[in-house]
Amino acid sequence: MFADGLFIVFATLAVLGAVGLVLFRHPMNGAMSFVVTLISLAGLYALLSAKLIFALQLIVYAGAIMSLIVFIIMFLNIQPDDLPQEEMKLFYVLVSAIVVCPIGLLLAKIVKSLPVHSTAIMGNKFGGVKEVGLLLFRDWLIPFEIVSILLLVSLVGAVILAGKRGTTK
Amino acid sequence: MSQLDILLLVLRVAFGAFVPLCFIAVLVWMERRGAAFFQDRSGPNRAHIFGFRAGGLVQNFADAVKLITKEDIIPGHIKHKFYFVLAPVIVFCIALISFAAVPFADALIINGKKYIMQAIPTDLGILWFLALAGFAVYGIILAGWSSHNKYGVLGGLRAAAQVISYEIPMGFAIISALVVYGTVNLTEIAQYQGHLLFGFIPMWGVVVQPLGAIIFIIAAFAEANRTPFDLAEGESELVAGFHVEYSSMKFGMFFMGEYVAMFTSSAIIVTLYFGGYQIPWFSTETLVHNARAFSVLLMLLLPACAWLFARWMAKNNRSHYDRPNDPRVWEAQIYAKILWGTVAALEIVLFIYLITVSGGVADRILVALLQIVTFLVKTTFMCFIYVWVRWTLPRFRYDQLQKLGWQTLLPLSLLNIFVTSAIVVALS
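Chains as they are written, first to last, in the working numbering: chain A, 1 to 169; chain B, 1001 to 1428.
In short, the hints are calculated from the structure, not lab data. Hints are supplied without guarantee of correctness; some may be wrong.
[Said to hold, decoys possible] Not close to chain A: a few residues of chain B, all C-beta gaps over 10 Å, as computed:
no., residue
1, Arg1041
2, Gly1076
3, Leu1157
4, Val1207
5, Ser1295
6, Met1313
7, Leu1376
8, Gln1402
[To be verified] Derived Cβ-Cβ restraints for the label pairs, each shown as a range:
no., chain 1, residue 1, chain 2, residue 2, range
9, A, Glu131, B, Glu1285, 41 to 49 Å
10, A, Val111, B, Ser1002, 35 to 43 Å
11, B, Trp1281, A, Phe126, 51 to 59 Å
12, A, Ser96, B, Leu1007, 52 to 60 Å
13, B, Trp1281, A, Glu131, 31 to 39 Å
14, A, Phe126, B, Ala1014, 41 to 49 Å
15, B, Leu1369, A, Phe126, 34 to 42 Å
16, B, Ile1120, A, His26, 30 to 38 Å
17, A, Leu134, B, Leu1007, 23 to 31 Å
18, A, Trp140, B, Leu1007, 40 to 48 Å
19, B, Val1373, A, Asp82, 56 to 64 Å
Keep in mind it's a predicted model, so treat the numbers as computed, not measured. Idealized CB from N, CA, C, for every residue including glycine.
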């Protein structure tokens, strides 16, 4: 029962944060509401007894990436005049809501047609640091390494792109 | 849940919440008297209640009254009042919660059931600390940004850039420590440090990971925004940095948050590199098996220490000029009476323990209490090092700070990971 209550709280907060990200005018408000979404997602992972993913979600997304984004928003020092005029905002939001509606209905239908599973907590070591680590570095080593090379490539690419602009000026 | 479960749960959470709060008072006192000590003066020692100065601790009480009763101003130019109020709350709460995963005694075994002595009995351990350390920067960024003040924004920018860049060497130092310990669970890490290296050196992290320990301690200083890394509030150039617009208890929250963060990071340093709650050379099992001998030793040591302390107090707690009926001598006498009363009470408790309940559960509880005391003593020493560094080293220049982080600590910590992994692989 307690877990159900927590699930409802986290799910509501996650959705509200995402809605806030889209609707808030000031980027700082948007970023902070997105932080709320990320933290509630971490809470959902914890409810699914995925401890490691819970910690990583907090460290990587909520802790590192979002603090960099907030840092950049602060760095740019955006004034109200800098923000674009959005007179048709309500109209756009309504139209896009209507356009997205069928997809939402489809998703709802898919969720409804899922077979009913009990959501009992998995075996007592499931999702722990050691278990995920063994799975990742023993059974899924090659995909893991390929993904990390992909990340490395994009990192080097970003450095080169940033460096080029500096030298041409 | 049995009643014992609930009692231990309440005790552990209370310890995790109240000990950092109590340490605010101790650390503020230590900072002031420590600063005075390093600068060869006395420090605040005059504030008193009915003549009792408690070595200057009463000054903190006066400060608390001042901060609480000051007018709480939110400057009119601030547009995002919500973030302005939220920022100190984040800084304070995050610092407090990160202590929750630190073990303050070895797992207590009562009636065959194991109780992990952490406020939150999670095995995430150091990951919990890392996750929350990332959040602390939000408080500083939001404070600097919502203050809408050039000094505030500059302070916030500096703090954020510094915390983000020092998190990397800190994470690498933790990785190399984890390679040695083979676990992220802080209780297991502390248990590992109870072993002996070559049979006579305590296998503390600082012995097996000296470079990692230095890198981690430097990075922890930077994360706590303490001198020599306190450019965020460098008063000579930025007035007070990110908290320049804050007054009253909102400033108080930043102030207390700084000391809670200092306590928490000292606790983490002690747990990772200085054996945590382990008493050197005496593992938990040794202590439990020889609990009676230790309690007899304790009964002999306590009066000796109290006698030395009382003599030191009587010698130092007196006026430096002739005064009829010196109130300070009288004060010291009262303290000595309280001290001897406490010692007598402890002796009685230990005596009752010896003749009635020794053996079994009581031994384990006694050992847990001893370990809690050890942990707090170690953490206090680490906090003293924070104070020591603050009043000894001058502040870095900002480019020097970033250079140290990226060009010295980062390569060193990477090297440390490779060397450590090579040794661990070679030995296994």
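Okay, the hints, checked on the actual structure:
For Arg1041 of chain B, the shortest C-beta to C-beta distance to chain A comes to about 40 Å, beyond the 10 Å cut-off, and the non-interface label holds. Interface exclusion of Gly1076 of chain B from chain A stands, the closest Cβ pair being 17 Å apart, more than 10 Å. The Cβ of Leu1157 of chain B does not lie farther than 10 Å from every Cβ of chain A; its closest approach is about 6 Å, which violates its non-interface assignment. The Cβ of Val1207 of chain B lies farther than 10 Å from every Cβ of chain A, with a closest approach of about 25 Å, so its non-interface assignment holds.
Even its closest Cβ contact with chain A, about 37 Å, leaves Ser1295 of chain B beyond 10 Å, as expected for a residue assigned away from the interface. Here Met1313 of chain B stays apart from chain A, with its beta-carbon at least about 47 Å from theirs, past the 10 Å limit. With a least beta-carbon separation of about 27 Å from chain A, Leu1376 of chain B lies farther than 10 Å from that chain, consistent with its non-interface assignment. The Cβ of Gln1402 of chain B sits about 14 Å from the closest Cβ of chain A, beyond the 10 Å cut-off, so the non-interface label holds.
For Glu131 of chain A paired with Glu1285 of chain B, a C-beta distance near 29 Å fails the hint of 41 to 49 Å. Between Val111 of chain A and Ser1002 of chain B the CB atoms are about 41 Å apart, so this pair conforms to the stated range of 35 to 43 Å. At roughly 39 Å, the beta-carbon separation of Trp1281 of chain B and Phe126 of chain A lies outside the given 51 to 59 Å, and the hint is violated. For Ser96 of chain A paired with Leu1007 of chain B, a C-beta distance near 55 Å keeps the hint of 52 to 60 Å intact.
Restraint check, Trp1281 of chain B to Glu131 of chain A: a C-beta distance of roughly 35 Å satisfies the suggested window 31 to 39 Å. Checking the proposed 41 to 49 Å range against Phe126 of chain A and Ala1014 of chain B shows it is violated: the Cβ atoms sit about 31 Å from each other. Checking the proposed 34 to 42 Å range against Leu1369 of chain B and Phe126 of chain A shows it holds: the Cβ atoms sit about 36 Å from each other. For Ile1120 of chain B and His26 of chain A, the Cβ-Cβ distance of about 35 Å falls inside the hinted range of 30 to 38 Å, so the restraint holds.
Range check, Leu134 of chain A to Leu1007 of chain B: Cβ separation about 37 Å, and the 23 to 31 Å hint is violated. Look at Trp140 of chain A against Leu1007 of chain B: about 44 Å separates their beta carbons, and that is inside 40 to 48 Å. The beta-carbon spacing between Val1373 of chain B and Asp82 of chain A, approximately 57 Å, falls within the hinted interval of 56 to 64 Å.
Violated hints, in rising order: 3, 9, 11, 14 and 17; the structure is consistent with all others.
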